[in-house]
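**Q** So the sequences go chain by chain: A, B and C. Once you know that position 64 of the first sequence is 64 in my numbering, the rest is easy, because the numbers rise by one and skip nothing. Once you know that position 50 of the second sequence is 50 in my numbering, the rest is easy, because the numbers rise by one and skip nothing. Once you know that position 144 of the third sequence is 144 in my numbering, the rest is easy, because the numbers rise by one and skip nothing.
Calculated from the structure, these hints are not laboratory results. One or more of the hints may lead you astray.
As the list claims (entries may be wrong) - Mimicking DSBU-like on lysine-lysine, the simulated pairs with C-alpha atoms at most 35 Å apart in a straight line are: (1) B:38 with B:88; (2) B:88 with A:38; (3) A:88 with B:88; (4) C:38 with A:88; (5) C:88 with B:88; (6) C:88 with C:38; (7) A:38 with C:88; (8) B:38 with C:88; (9) A:88 with A:38.
So you can see what is in the structure, the chains are spelled out below.
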Amino acid sequence: MPDTPANDAPFRVLVDCEFGEDVLVYQFTNLYGCTIGKGTRVGAFVEISSGVSVGERCKISSHSYICDGVAIGDGVFIGHGVVFVNDKYPRAVNDDGSLQTGQDWDLLATRIGDGASIGSGATILGGLTVGEGATVGAGAVVTRDVAPGTVVAGSPARLLERSRRFPRGVVPAA
Amino acid sequence: MPDTPANDAPFRVLVDCEFGEDVLVYQFTNLYGCTIGKGTRVGAFVEISSGVSVGERCKISSHSYICDGVAIGDGVFIGHGVVFVNDKYPRAVNDDGSLQTGQDWDLLATRIGDGASIGSGATILGGLTVGEGATVGAGAVVTRDVAPGTVVAGSPARLLERSRRFPRGVVPAA
Amino acid sequence: MPDTPANDAPFRVLVDCEFGEDVLVYQFTNLYGCTIGKGTRVGAFVEISSGVSVGERCKISSHSYICDGVAIGDGVFIGHGVVFVNDKYPRAVNDDGSLQTGQDWDLLATRIGDGASIGSGATILGGLTVGEGATVGAGAVVTRDVAPGTVVAGSPARLLERSRRFPRGVVPAA
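Using the sequences plus the hints, can you model the full thing?
**A** Spelled out as structure tokens, the structure:
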């Protein structure tokens with residue numbers, strides 16, 4: 001995979017990333033150590049951390065933060081201002097007062113299934129799975145797994161309805 | 001209207017915008033195809049999309065995202081980290097797996113009335129009207145119209161009280 | 001205190017700040033008139049306003065906004081996309097329609113105690129105290145004081161449990 005996106009834009013910091021074909025990464029972006037699948041678009045003010053994989057034909061909207069431990073499938077929509085979490089009890093310092101490093105806590109892995117849609121302003125706690133074709137409503141705080149093809153919303157997020165768009169929880173292949 | 005703000009600042013991407021007199025746009029801003037009324041201030045890390053109109057003497061605080069379909073009146077306060085939405089069921093891809101374009105979904109229009117105040121961290125769903133002089137509490141998720149002069153808060157946002165500042169839901173003219 | 005961080009990074013606007021030793025400030029940051037204690041790290045897309053003090057060995061994660069009136073202790077974790085508030089009824093304009101300035105409203109002071117942890121996506125209303133060693137869950141909207149050593153979550157945030165990590169609400173000294 002190439003190490004640059006298909007487009008040019010000012011004010012980008014892209015370090016040690018791999019990009020599939022036709023990936024667009026817009027201005028004011030901070031990506032490091034991640035893999036972005038072909039055709040995916042990454043909006044302004046987005047940060048994607050080391051260890052993240054994003055699938056093909058996704059849309060990662062502006063102001064979102066994707067942390068280490070998150071794996072995003074194909075055809076996924078991530079709204080604006082979405083925040084992922086990967087630590088149950090994050091702390092700045094250890095019990096002895098020293099700064100924490102990556103060795104001082106357990107990384108929680110999160111998986112977002114193919115064709116899912118995460119609404120703008122949502123917060124996704126660590127260690128969860130959002131199933132294929134599921135929809136997370138705008139502003140939701142997701143504290144449990146989300147079943148494929150369902151719609152959840154609220155804080156904490158609860159089941160609203162079966163998805164109309166992907167009733168069996170699957171997104172057709174390209 | 002001129003096509004540049006009244007101030008200079010580093011790290012701005014301003015494309016095809018119109019600015020009234022005395023508009024201030026700070027650093028780290030991404031504005032395209034929008035119209036900003038006179039005297040309005042736009043904070044850092046703000047993105048304003050194509051088709052947005054912002055009135056006069058507004059304050060758009062840092063980290064907020066204003067999407068296509070949003071019309072903001074005069075004297076409106078938009079807090080920090082506010083996110084607007086314009087699509088009920090956003091998806092990255094169509095049923096055939098191809099990337100969605102602007103033609104593949106229905107734009108929901110949102111209107112923020114004169115003198116309204118949207119608290120920091122709020123999420124405003126698409127297709128809604130926030131009335132004149134209304135207040136949306138910090139962190140609220142607004143899923144219904146907000147009547148003029150009222151105060152709403154919570155997730156989903158519910159009526160808290162009549163506004164103390166603008167009891168008749170109107171903001172005096174300058 | 002020196003007026004530059006210990007590291008270099010592109011796309012920073014750092015104006016009238018004081019930094020302790022070994023402070024790291026990453027790219028896409030907007031800091032003005034604030035004081036940052038030694039060993040603290042400030043992530044991308046962070047804005048810290050005039051008058052803010054941040055203690056030693058803190059971690060301020062990406063996309064967070066810290067407003068005037070906020071005092072953060074030592075060893076504090078601020079997650080991603082955290083927003084602070086300092087005004088109960090923010091408005092863009094006065095009753096006569098003129099733009100508000102700093103003299104037109106009352107600043108609410110907020111204090112975050114040593115060793116506290118503010119989860120990603122949280123909103124902290126103005127005028128509150130989050131006690132030593134307390135934990136605010138991801139996505140919470142904090143509307144009341146948080147007692148030392150407790151865990152709160154939700155919108156509005158409510159008591160979840162006593163902290164496991166800092167049961168007496170104190171963080172050991174370095």
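**Q** Next step is simple, just say for each hint if it's right about the structure.
**A** Hints, one by one, checked against the model:
Under the criterion of a C-alpha separation no larger than 35 Å, the hint pairing residue 38 (chain B) with residue 88 (chain B) is consistent with the structure, at around 32 Å. Only pairs whose Cα atoms come within 35 Å are accepted, and residue 88 (chain B) paired with residue 38 (chain A) is accepted, the gap being roughly 26 Å. Between residue 88 (chain A) and residue 88 (chain B), the direct Cα distance comes to roughly 31 Å. Compliance with the 35 Å bound is thereby established for this hinted pair. Restraint check: the Cα-Cα separation between residue 38 (chain C) and residue 88 (chain A) comes to about 26 Å, which is no more than 35 Å; the hinted pair holds.
Between residue 88 (chain C) and residue 88 (chain B) the alpha-carbon distance is near 31 Å, which keeps this suggested pair within the 35 Å criterion. Using a Cα cut-off of 35 Å, the hinted pair residue 88 (chain C) and residue 38 (chain C) holds, with the two alpha carbons roughly 32 Å apart. Only pairs whose Cα atoms come within 35 Å are accepted, and residue 38 (chain A) paired with residue 88 (chain C) is rejected, the gap being roughly 46 Å. Of the pairs offered as hints, the one joining residue 38 (chain B) and residue 88 (chain C) holds, with about 26 Å between alpha carbons and a cut-off of 35 Å not exceeded.
Of the pairs offered as hints, the one joining residue 88 (chain A) and residue 38 (chain A) holds, with about 32 Å between alpha carbons and a cut-off of 35 Å not exceeded.
Consistency with the previously given hints fails for number 7 only.
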